[in-house]
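Engineer: No gaps in the numbering here: position 14 of the sequence shown is 14 in our numbering, and each next residue is one more.
Bear in mind the hints are in silico, worked out from the structure with no lab data behind them. Quick caveat, the model's predicted, so the values are computed rather than measured. Do not rely on the hints blindly, as some may be mistaken.
Restraint ranges, calculated between C-beta atoms of paired labels, are given here [claimed, not checked]:
#: 1; residue 1: I19; residue 2: L59; range: 54 to 62 Å
#: 2; residue 1: W29; residue 2: Y53; range: 33 to 41 Å
#: 3; residue 1: S34; residue 2: E55; range: 25 to 33 Å
#: 4; residue 1: K17; residue 2: I41; range: 42 to 50 Å
#: 5; residue 1: S34; residue 2: I64; range: 28 to 36 Å
#: 6; residue 1: T46; residue 2: S20; range: 33 to 41 Å
#: 7; residue 1: A16; residue 2: Y53; range: 47 to 55 Å
#: 8; residue 1: S63; residue 2: P32; range: 29 to 37 Å
Backbone N, C-alpha and C define an ideal beta-carbon position, used for all residues, glycine too.
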Amino acid sequence: MLFTKHLLQQQASSNAKPISPHSRIYRVWGKPVSKMLLFSIGTYYTLYWTWEYLEKEELKRQSIIESTVN
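Use the sequences and the hints to build the structure in full.
Structural biologist: Okay, structure coming up:
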């Protein structure tokens, strides 16, 4: 909200070309949405690689146990 108020004040105080509503949506929502997407993708891949690592370690341990039993 603060950013939106700042944009409106900036537009009102300057005699520059007014900002279109279409571009205002991207200016206001672009950073939060992109940040959310980046954190979501980062979390997904972190959990995926952690799962793969743990799965690989479990298979190693199982193969070691099976080789010592036989």
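Engineer: Confirm or reject the claim that K17 and I41 have a C-beta distance inside 42 to 50 Å.
Structural biologist: violated, 36 Å
Engineer: Just to be sure I understand the hint, the distance between the Cβ atoms of A16 and Y53 should be within 47 to 55 Å; is that true here?
Structural biologist: holds, 53 Å
Engineer: Note whether the CB distance of S63 and P32 lies within 29 to 37 Å or breaks it.
Structural biologist: violated, 47 Å
Engineer: Tell me if the beta carbons of I19 and L59 are separated by a distance inside 54 to 62 Å.
Structural biologist: holds, 57 Å
Engineer: Using the C-beta atoms of W29 and Y53, is the stated range 33 to 41 Å upheld?
Structural biologist: holds, 36 Å
Engineer: Evaluate the given range 25 to 33 Å for the C-beta pair formed by S34 and E55.
Structural biologist: holds, 32 Å
Engineer: Against the range 33 to 41 Å, how does the distance between the Cβ atoms of T46 and S20 compare: consistent or not?
Structural biologist: holds, 38 Å
Engineer: Mind checking the hinted window 28 to 36 Å against the Cβ distance between S34 and I64?
Structural biologist: Given range 28 to 36 Å: violated, Cβ gap about 45 Å.
Violated hints, listed in ascending order, are 4, 5 and 8; each of the other numbered hints is respected by the structure.
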